[in-house]
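Asker: Each chain, written out:
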Amino acid sequence: DTGVSQNPRHKITKRGQNVTFRCDPISEHNRLYWYRQTLGQGPEFLTYFQNEAQLEKSRLLSDRFSAERPKGSFSTLEIQRTEQGDSAMYLCASSLSETSHNEQFFGPGTRLTVL
Amino acid sequence: AQKVTQAQTEISVVEKEDVTLDCVYETRDTTYYLFWYKQPPSGELVFLIRRNSFDEQNEISGRYSWNFQKSTSSFNFTITASQVVDSAVYFCALYYGQNFVFGPGTRLSVLP
Numbered sequence: 016d017t018g019v020s021q022n023p024r025h026k027i028t029k030r031g032q033n034v035t036f037r038c039d040p041i042s043e044h045n046r047l048y049w050y051r052q053t054l055g056q057g058p059e060f061l062t063y064f065q066n067e068a069q070l071e072k073s074r075l076l077s078d079r080f081s082a083e084r085p086k087g088s089f090s091t092l093e094i095q096r097t098e099q100g101d102s103a104m105y106l107c108a109s110s111l112s113e114t115s116h117n118e119q120f121f122g123p124g125t126r127l128t129v130l
Numbered sequence: 007a008q009k010v011t012q013a014q015t016e017i018s019v020v021e022k023e024d025v026t027l028d029c030v031y032e033t034r035d036t037t038y039y040l041f042w043y044k045q046p047p048s049g050e051l052v053f054l055i056r057r058n059s060f061d062e063q064n065e066i067s068g069r070y071s072w073n074f075q076k077s078t079s080s081f082n083f084t085i086t087a088s089q090v091v092d093s094a095v096y097f098c099a100l101y102y103g104q105n106f107v108f109g110p111g112t113r114l115s116v117l118p
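Taken in order, these protein sequences are the chains called S and Y. According to our numbering, the first sequence is numbered sequentially starting from 16. According to our numbering, the second sequence is numbered sequentially starting from 7.
No lab work stands behind these hints: they were computed from the structure. Certain hints may be false.
Each computed DMTMM-like pair below joins lysine to aspartate or glutamate, with the alpha-carbon atoms no more than 20 angstroms apart [said to hold, decoys possible]:
(1) S/K26 x Y/D92
(2) Y/K9 x S/E59
(3) S/K29 x S/E93
(4) S/K86 x S/E67
(5) S/K86 x S/E98
(6) Y/K9 x S/E71
(7) Y/K44 x S/E118
(8) Y/K76 x Y/D28
(9) Y/K44 x S/E59
(10) Y/K9 x Y/D35
(11) S/K72 x S/E93
(12) Y/K44 x Y/E65
(13) Y/K9 x Y/E32
(14) Y/K44 x Y/D92
(15) Y/K76 x Y/E65
Not close to chain Y: a few residues of chain S, all C-beta gaps over 10 angstroms, as computed [stated by the list, open to error]:
(16) K29
(17) N33
(18) R37
(19) I41
(20) F89
(21) E98
(22) Q99
Restraint ranges, calculated between C-beta atoms of paired labels, are given here [what the hints assert, rightly or not]:
(23) S/K86 x Y/E65: 35 to 41 angstroms
(24) Y/D35 x S/S20: 30 to 36 angstroms
(25) S/K86 x Y/P47: 32 to 38 angstroms
(26) S/Q99 x Y/A87: 40 to 46 angstroms
(27) S/L54 x Y/K9: 16 to 22 angstroms
(28) S/G100 x Y/G103: 25 to 31 angstroms
(29) S/Q65 x Y/A87: 26 to 32 angstroms
Cβ coordinates follow ideal geometry from the N, Cα and C atoms, glycine included.
Work the whole structure out from these sequences, hints included.
Answerer: Here it is as structure tokens:
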């Protein structure tokens, strides 16, 4: 399977714990995006990478959130000291084009539940 | 401010009816891209179409068609002869600068 994969698919954690999610993009894609989607809403942009460089961060991304893409391939999104408001689906997407922004290919998402 | 509005929260139609999903966007950029995505019950977003701001040609792909009108800042999506498998949440999205903005989505239910 050569699509975008995300792990884990589901994560349940207690408030205050740290969690880390992983995204493996389509192999030749140089751009990688993270979004958050809450029930009944559209995805909200969090951040994106071009290769290993993090080029844009939404103001939604508080200092408890950090994302990395160390080798320009897979990416991790870490949330420290989770809060109940962090409960959401976290989506990863990748794309190839640097200029025309061809379609983004989305992964299945990681559903986070903070108790 | 950049914004995407999908005024229809939910639509229900009977199979074989035509249905149009509305999308209105706001942007000050002259160069931007508009997208439609489908999110079926399985949850994974599926790309349907991308249109850049300089291309106002309407597009048809099978039962799907899109009407882009810059004068009204609208990018509407029509499904002809709807099928049960079309049941999903449909998102319109705007790409400008370095950011994507998604609309709140329209939940389409196609009844047999």
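Asker: All hints, please: hold or fail.
Answerer: Status of each hint after checking the structure:
1. S/K26 x Y/D92: 30 angstroms, violated
2. Y/K9 x S/E59: Answer holds: Y/K9 to S/E59 is near 12 angstroms, not above 20 angstroms.
3. S/K29 x S/E93: Answer holds: S/K29 to S/E93 is near 15 angstroms, not above 20 angstroms.
4. S/K86 x S/E67: 6 angstroms, holds
5. S/K86 x S/E98: Violated, because 30 angstroms separates the two Cα atoms, which is more than 20 angstroms.
6. Y/K9 x S/E71: 18 angstroms, holds
7. Y/K44 x S/E118: Holds, because 13 angstroms separates the two Cα atoms, which is no more than 20 angstroms.
8. Y/K76 x Y/D28: 14 angstroms, holds
9. Y/K44 x S/E59: 16 angstroms, holds
10. Y/K9 x Y/D35: Given pair Y/K9, Y/D35 holds - Cα atoms ~12 angstroms apart, limit 20 angstroms.
11. S/K72 x S/E93: 14 angstroms, holds
12. Y/K44 x Y/E65: 17 angstroms, holds
13. Y/K9 x Y/E32: 5 angstroms, holds
14. Y/K44 x Y/D92: It holds: about 9 angstroms lies between the C-alpha atoms, which stays within 20 angstroms.
15. Y/K76 x Y/E65: 15 angstroms, holds
16. K29: 24 angstroms, holds
17. N33: Nearest chain Y Cβ is 25 angstroms from S/N33, so the label holds.
18. R37: Non-interface label on S/R37 holds, nearest chain Y Cβ at 17 angstroms vs cutoff 10 angstroms.
19. I41: Per Cβ check, S/I41 is outside 10 angstroms of chain Y; nearest 13 angstroms; holds.
20. F89: About 18 angstroms separates S/F89 from the closest Cβ of chain Y, which puts it past 10 angstroms; holds.
21. E98: Holds: least Cβ distance 23 angstroms, greater than 10 angstroms.
22. Q99: 21 angstroms, holds
23. S/K86 x Y/E65: 35 to 41 angstroms: Given about 38 angstroms between the Cβ atoms, the range holds.
24. Y/D35 x S/S20: 30 to 36 angstroms: With Cβ atoms ~33 angstroms apart, the hint holds.
25. S/K86 x Y/P47: 32 to 38 angstroms: Holds, at about 35 angstroms.
26. S/Q99 x Y/A87: 40 to 46 angstroms: 44 angstroms, holds
27. S/L54 x Y/K9: 16 to 22 angstroms: Holds - the Cβ-Cβ distance for S/L54 and Y/K9, about 21 angstroms, lies within 16 to 22 angstroms.
28. S/G100 x Y/G103: 25 to 31 angstroms: For Y/G103 against S/G100, whose Cβ atoms are near 27 angstroms apart, the range 25 to 31 angstroms holds.
29. S/Q65 x Y/A87: 26 to 32 angstroms: 41 angstroms, violated
Of the numbered hints listed earlier, those contradicted by the structure are 1, 5 and 29.
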